[in-house]
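Taking the hints into account, I'd like the entire structure generated from these sequences.
2 protein chains.
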Amino acid sequence: MEKNIQEAENYCQQNGLNLTPVRRKVLEILLEKNTAIGAYEILDLLRESGFKNQPPVAYRALDFLVQNGFAHKIEQLNSFIGCMHPGKDHSPAFMICRNCDSVSEEEALTRNFSVSQIASKAGFTVEKAVIEARGLCQSCSDLA
Amino acid sequence: MEKNIQEAENYCQQNGLNLTPVRRKVLEILLEKNTAIGAYEILDLLRESGFKNQPPVAYRALDFLVQNGFAHKIEQLNSFIGCMHPGKDHSPAFMICRNCDSVSEEEALTRNFSVSQIASKAGFTVEKAVIEARGLCQSCSDLA
DNA sequence: TTCCTCCATGATATAACATAACATTCGCGC
DNA sequence: GCGCGAATGTTATGTTATATCATGGAGGAA
Ligand SMILES: [Zn+2]
Ligand SMILES: [Zn+2]
Ligand SMILES: [Zn+2]
Ligand SMILES: [Zn+2]
Numbered sequence: 227m228e229k230n231i232q233e234a235e236n237y238c239q240q241n242g243l244n245l246t247p248v249r250r251k252v253l254e255i256l257l258e259k260n261t262a263i264g265a266y267e268i269l270d271l272l273r274e275s276g277f278k279n280q281p282p283v284a285y286r287a288l289d290f291l292v293q294n295g296f297a298h299k300i301e302q303l304n305s306f307i308g309c310m311h312p313g314k315d316h317s318p319a320f321m322i323c324r325n326c327d328s329v330s331e332e333e334a335l336t337r338n339f340s341v342s343q344i345a346s347k348a349g350f351t352v353e354k355a356v357i358e359a360r361g362l363c364q365s366c367s368d369l370a
Numbered sequence: 227m228e229k230n231i232q233e234a235e236n237y238c239q240q241n242g243l244n245l246t247p248v249r250r251k252v253l254e255i256l257l258e259k260n261t262a263i264g265a266y267e268i269l270d271l272l273r274e275s276g277f278k279n280q281p282p283v284a285y286r287a288l289d290f291l292v293q294n295g296f297a298h299k300i301e302q303l304n305s306f307i308g309c310m311h312p313g314k315d316h317s318p319a320f321m322i323c324r325n326c327d328s329v330s331e332e333e334a335l336t337r338n339f340s341v342s343q344i345a346s347k348a349g350f351t352v353e354k355a356v357i358e359a360r361g362l363c364q365s366c367s368d369l370a
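First to last, the protein sequences are chains B and A. So for the first sequence, the numbering used here puts the first residue at 227; every next one is plus one. So for the second sequence, the numbering used here puts the first residue at 227; every next one is plus one.
Warning: the hint list may mix true and false statements.
One copy or any two copies: either way a pair holds, since identical chains are not told apart in the list.
As the list claims (entries may be wrong) - Computed cross-link-like contacts, BS3-like style, restricted to lysine-lysine with a CA-CA straight-line distance of at most 30 Å: (1) 278 <-> 229; (2) 347 <-> 251; (3) 251 <-> 229; (4) 251 <-> 354; (5) 354 <-> 314; (6) 259 <-> 229; (7) 354 <-> 229; (8) 229 <-> 347; (9) 259 <-> 354; (10) 278 <-> 347; (11) 354 <-> 299; (12) 278 <-> 354; (13) 314 <-> 299; (14) 347 <-> 259; (15) 314 <-> 229.
In short, the hints are calculated from the structure, not lab data. Quick caveat, the model's predicted, so the values are computed rather than measured.
Printed below as a string of structure tokens:
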């Protein structure tokens, strides 16, 4: 965990990014759990640590972390989870347990994979899968 | 479209479900577009048609439709889209165009597939993919 | 009929999630 | 010192979703 933070520091230094105290703190918060955390819960934890606690504080830090590959948003939960693939344009698959709320990130290599494969490798039983791709449809591609 | 509604009526009748006026109207609204629609936009359209327009009106109807396979929620957009696989426990994959906002539903047979396969079959260029599975993790399965 | 239960809807309020907009601060190169 | 850009401070508001209790109406049992 402390090692992860250190890696994040290094990555930022090497890439002209600024892991400011509040951003670092949010990253620590996210890495401390294996469950997803909502922005307002993060805000509470920030306040406890003496940071300001207006919503933009959390959302700005989260934007930074998500942008730079230190965190992901879990759309189904409106929550966030730590990651450690900085800068990587990866397409992860998340396994969200309905019983213990744990969220595990599995790598979906090169966007070519099957959910069931990934899940079974992780020992996860899928009850419902959300797959949403963003991009360009046929006709919009043709126009370009 | 009118045919879809008719099928929905039939399915409901055969399964003891009640496609009430407001539920039917919401389904019509969803089926009229090939883009996802937010609950509050639906609410506006309901009001224009003389229905009540407090949030629970839309959310209740949407819950019914989603529960019974007449609609899906698009998590990335906090919006809803019509479907016509009533009762089917299917695992669809959605292709969301960032340019024209169209959303197309592709069938992901038996939860065993690859996003890139589905996308290319549909002529869709994937820029980002969200894959979130809900279910039971290894340890929670073991306890059961 | 009367009463009961279930389902759907009505109605009010509030919770939870997220962003807009503008002001301030601070470090850095000129 | 000055101008600039990045980050943060601050206030306000927008957007999405749910909790809760009240009302109504169809259908069955006694
Ligand atoms: Zn990741
Ligand atoms: Zn679990
Ligand atoms: Zn569907
Ligand atoms: Zn398009």
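Against the structure, the hints:
1. When the C-alpha separation of residue 278 and residue 229 is checked against a cutoff of 30 Å, the pair qualifies only within one copy, where the shortest distance is 26 Å, while the shortest distance between copies is 56 Å.
2. For the homomeric pair residue 347 and residue 251, neither the shortest alpha-carbon distance inside one copy (33 Å) nor that between copies (43 Å) is at most 30 Å.
3. Within a single copy, residue 251 and residue 229 get their C-alpha atoms as close as 14 Å, which meets the 30 Å cut-off; across copies the closest is 55 Å, which misses it.
4. Proximity of residue 251 to residue 354 under the C-alpha cut-off of 30 Å is restricted to the inter-copy arrangement: shortest distance 27 Å between copies versus 33 Å within a copy.
5. For the homomeric pair residue 354 and residue 314, the shortest alpha-carbon distances inside one copy (27 Å) and between copies (12 Å) are both at most 30 Å.
6. With identical chains, the CA atoms of residue 259 and residue 229 are at most 30 Å apart within one copy only, with a shortest distance of 15 Å there and 49 Å across copies.
7. Taking the closest pair of Cα atoms, residue 354 and residue 229 come within 30 Å of each other only across two copies (28 Å); inside a single copy the shortest separation is 34 Å, beyond that limit.
8. Taking identical chains as interchangeable, the C-alpha atoms of residue 229 and residue 347 lie at most 30 Å apart only when both belong to the same chain, with a minimum of 26 Å there against 43 Å between chains.
9. Within a single copy, residue 259 and residue 354 get their C-alpha atoms as close as 23 Å, and across copies as close as 25 Å, so both meet the 30 Å cut-off.
10. Taking the closest pair of Cα atoms, residue 278 and residue 347 never come within 30 Å of each other, the shortest separation being 42 Å inside a single copy and 49 Å across copies.
11. In the homo-oligomer, the alpha carbons of residue 354 and residue 299 lie at most 30 Å apart both inside one protomer (18 Å) and across protomers (13 Å), since each shortest distance falls under that limit.
12. For the homomeric pair residue 278 and residue 354, neither the shortest alpha-carbon distance inside one copy (38 Å) nor that between copies (33 Å) is at most 30 Å.
13. In this assembly of identical chains, residue 314 and residue 299 lie within 30 Å of each other by CA distance both inside one copy and across copies; the values are 15 Å within and 28 Å between.
14. For a Cα distance limit of 30 Å, the shortest separation of residue 347 from residue 259 inside one copy, 22 Å, qualifies, whereas the shortest one across copies, 39 Å, does not.
15. With identical chains, the CA atoms of residue 314 and residue 229 are at most 30 Å apart within one copy only, with a shortest distance of 18 Å there and 46 Å across copies.
The structure shown violates the earlier hints numbered 2, 10 and 12.
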